[in-house]
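Residues per chain are reported as follows:
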Amino acid sequence: MNITVDEMEKMTGAMSSAELASERHSRTTVGDFTAADPRMTCRNVDVWYGSKQAINGVSLDIGKNEVVSMIGPSGCGKSTFLRCLNRMNDTIDGCRVTGSIQLDGQEIYDKSLDPVPLRAQVGMVFQKPNPFPKSIYENVAYGPRIHGLTNSKAELDELVESSLEKAGLWKEVKDRLDQPGTGLSGGQQQRLCIARTIAVSPEVILMDEPCSALDPIATAIIEELIDELRANYSIAIVTHSMQQAARVSQRTAYFHLGDLIEVGETNQIFTNPQHRLTEDYITGRFG
Amino acid sequence: MSKPTLNAPQAPVRRTIDIVNASLKRRHAQERRFRRIGAIAVALGLAFVVLLFADIVGKGYTAFQQTYLQLPIELSAEKIDPAGTREPETLSTADYMAPIRAALRQQFPEVTERRELRQLYSMVSVGAPQFLREQVMENPDLIGTTQEVWVLADDDIDMLVKGQIDRHAPEESRRVNDRMLGWVEHLEEQGRIEKRFNTIFFTQGTSREPELAGIAGALMGSFYTLLLTLILSFPIGVGAALYLEEFAPKNRWTDLIEVNVNNLAAVPSIVFGLLGLAVFIGFFGAPRSTPLVAALVMTLMTLPTIIIASRVALKSVPPSIREAALGVGASPLQTQFHHVLPLALPGMLTGAIIGMARALGETAPLLMIGMIAFIVDIPSGFTDAATVLPVQIFLWADSPERGFVERTSAAIIVLLAFLFLMNLVAVLLRRRFERRW
Ligand SMILES: Nc1ncnc2c1ncn2[C@@H]1O[C@H](COP(=O)(O)OP(=O)(O)O)[C@@H](O)[C@H]1O
Ligand SMILES: [Mg+2]
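From first to last, the protein sequence lines are chains F and L. Residue numbering for the first sequence follows the working numbering, starting at 1 and increasing by one per position. Residue numbering for the second sequence follows the working numbering, starting at 1 and increasing by one per position.
These aren't lab readings, by the way, just hints derived from the structure by calculation. Only a predicted model underlies this, so the values are computations on that prediction, with no experimental measurement involved. Glycine residues also receive a C-beta, built at the ideal position from the N, C-alpha and C atoms. Among the clues, some could well be false.
Stretch-level coverage of chain F by chain L, calculated; a stretch enters the list once three of its residues show a Cβ under 8 Å from a Cβ in chain L [to be verified]:
| no. | segment |
| --- | --- |
| 1 | 130-143 |
| 2 | 194-206 |
| 3 | 217-231 |
| 4 | 248-257 |
Here are the simulated lysine-lysine pairs, DSS-like style, with alpha carbons at most 27 Å apart [unchecked claim]:
| no. | chain 1 | residue 1 | chain 2 | residue 2 |
| --- | --- | --- | --- | --- |
| 5 | L | Lys250 | F | Lys52 |
| 6 | F | Lys166 | F | Lys111 |
| 7 | F | Lys166 | F | Lys153 |
| 8 | L | Lys162 | F | Lys111 |
| 9 | F | Lys128 | F | Lys174 |
| 10 | F | Lys134 | F | Lys171 |
| 11 | F | Lys134 | L | Lys195 |
| 12 | F | Lys52 | L | Lys162 |
| 13 | L | Lys315 | F | Lys128 |
Required output: the full structure, derived from the provided sequences and hints.
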């Protein structure tokens with residue numbers, strides 16, 4: 001008698017919500033979720049927090065050199081989905097991901113795959129700027145150092161400089177690299193976090209509402225930066241601002257209660273949404 | 001006049017501001033009362049602390065001085081080193097009491113009766129020859145000369161000189177009789193009595209004689225015990241906290257462990273002493289009365305404190321730091337060691353120091369494992385029989401001699417000084433490493 005009452009309850013709970021989810025699967029995504037030149041491909045991704053399903057069979061590609069934005073009312077699972085892409089959800093107790101997510105044809109949820117190098121390949125920028133409470137230099141140098149990307153101090157210095165350069169922060173901080181990263185302004189901190197992310201040369205960068213804690217000017221700088229970064233990286237960005245999605249992304253995905261309702265060219269989504277829910281959301285009738 | 005006109009007084013409309021103003025007085029009074037109660041509580045607490053310290057310091061400060069008698073001592077070569085070889089062996093076995101007694105007799109030639117002589121001899125400490133021997137061994141050239149030597153006085157004389165024994169009390173109720181009092185006053189007149197800094201108190205182990213008793217043995221015992229306790233409990237405690245907080249799955253087992261850790265923190269310390277007696281001494285055969293066993297018991301006792309403090313410290317590290325580290329591809333262990341631990345360390349150290357301070361003052365469990373034995377030698381390792389400071393205080397407080405009263409208080413002063421120091425270090429550490437993010 002190994003199974004306790006508790007565990008039985010959990011199992012039945014999971015089953016019933018799975019059944020529930022399969023019912024809700026009738027909602028199919030409107031629009032083409034594939035990308036011409038995909039870097040990451042997600043197929044039928046389900047995510048559960050315990051017995052509660054947060055993502056229902058989402059399929060979406062992230063192409064090379066494109067910015068995909070994810071919009072939707074809060075609580076619809078944008079962050080949850082984004083965090084699947086670098087297995088950040090592994091750290092949450094009781095979070096379960098099924099379906100297929102591939103990076104360059106490699107299944108990232110494969111049992112044999114180590115999430116540590118994956119996270120070097122798929123970097124992440126968080127909602128609230130979270131520099132390490134260390135110097136600006138150390139913030140950027142940390143990733144390359146633990147991965148052993150450089151062979152000498154000079155090389156590391158160079159990498160730090162070029163990363164800060166790409167993040168558009170070099171000019172502002174080059175004279176105070178040894179000062180704490182936490183002493184920068186919010187916008188600078190977020191760019192420092194971007195520099196830290198690109199220092200390990202990821203292929204994909206995930207951004208979860210990177211500007212929600214910033215003022216409009218800092219936001220504009222970051223948006224410009226995102227546009228530049230597109231030349232070298234694939235970017236998936238979650239945003240609550242439709243203007244931002246319209247400005248920075250080529251494709252937009254609209255999420256609603258864990259479903260991917262509609263995907264398409266950003267222009268088309270904002271000018272000519274196909275699904276009623278999408279239309280309600282972008283016209284401000286909902287959310 | 002039922003129709004209100006513009007000028008007519010309207011039914012009084014109570015505006016919010018009036019309501020607020022009405023209640024304002026009561027609220028202010030409440031606040032004042034609360035503040036006064038708080039101030040009284042603080043004042044009361046401070047008063048008790050001051051009272052406690054005044055009492056202890058008042059009783060104990062005299063122990064930092066010790067009475068000495070100056071006597072012209074003839075170190076005759078025939079008596080001390082008849083062969084004239086100056087060999088350490090001969091020098092150390094020589095009788096040094098005899099020259100001291102001779103010097104006393106010389107000071108008071110009128111004393112000849114045996115009983116009186118015994119009283120005269122009792123004015124110097126039984127440990128006095130030991131110090132004379134050390135002086136001679138250090139400097140053999142003294143042999144054959146007559147030296148003015150400051151000789152350690154007996155505790156009764158010490159008490160008399162310090163005024164702890166009332167000279168004007170009737171003779172029957174005074175430990176020092178009139179004859180001895182006369183000798184003391186005679187010596188005082190000649191300037192042959194002096195109070196000097198009491199080095200013995202800090203350099204010697206305990207003794208049955210108050211004037212020879214010191215805290216060095218207990219201090220070293222406490223030092224070895226605390227050192228080993230820290231070495232054992234800090235890494236284990238931090239490791240356990242790290243595992244429980246960051247790596248262990250959250251399930252019924254870890255819940256159970258958490259509850260038990262919290263329970264252990266509240267277990268009376270004597271229970272740990274009984275456990276130590278049964279397990280470490282009874283089962284594993286560890287030597288009794290040693291810092292080793294004491295440290296093992298203290299480790300068990302402080303572990304819960306350190307684990308709880310460390311978990312709190314880990315919890316207070318914002319999760320965004322962990323996400324940031326994981327996000328650039330740090331492994332969970334790297335995340336912990338590079339980012340989380342450094343931020344949590346001050347809190348952990350504070351917990352450890354507070355745990356150590358508690359261990360320093362702990363007495364009850366150590367009584368169970370034989371630390372109460374009378375040990376004169378200063379321990380020089382973890383497996384030497386030893387006692388610790390609070391137990392020493394307990395033992396002295398139990399001694400009837402008047403001289404131990406002030407030494408008890410003096411030992412308490414030393415213990416409190418160390419506790420203060422440790423708490424100060426904890427506060428400074430917190431200040432020093434407190435970081436904003
Ligand atoms: N750690 C978690 N544990 C349990 N439920 C969660 C957790 N994180 C998010 N959720 C739930 O998953 C759903 C989607 O959340 P989230 O992905 O954060 O939404 P969004 O980013 O779109 O606002 C919400 O209903 C939320 O309550
Ligand atoms: Mg979110």
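Let me make sure I understand: some of the numbered hints might not hold for this structure. Which ones are they, in numerical order? 3, 4, 6, 8, 11 and 12
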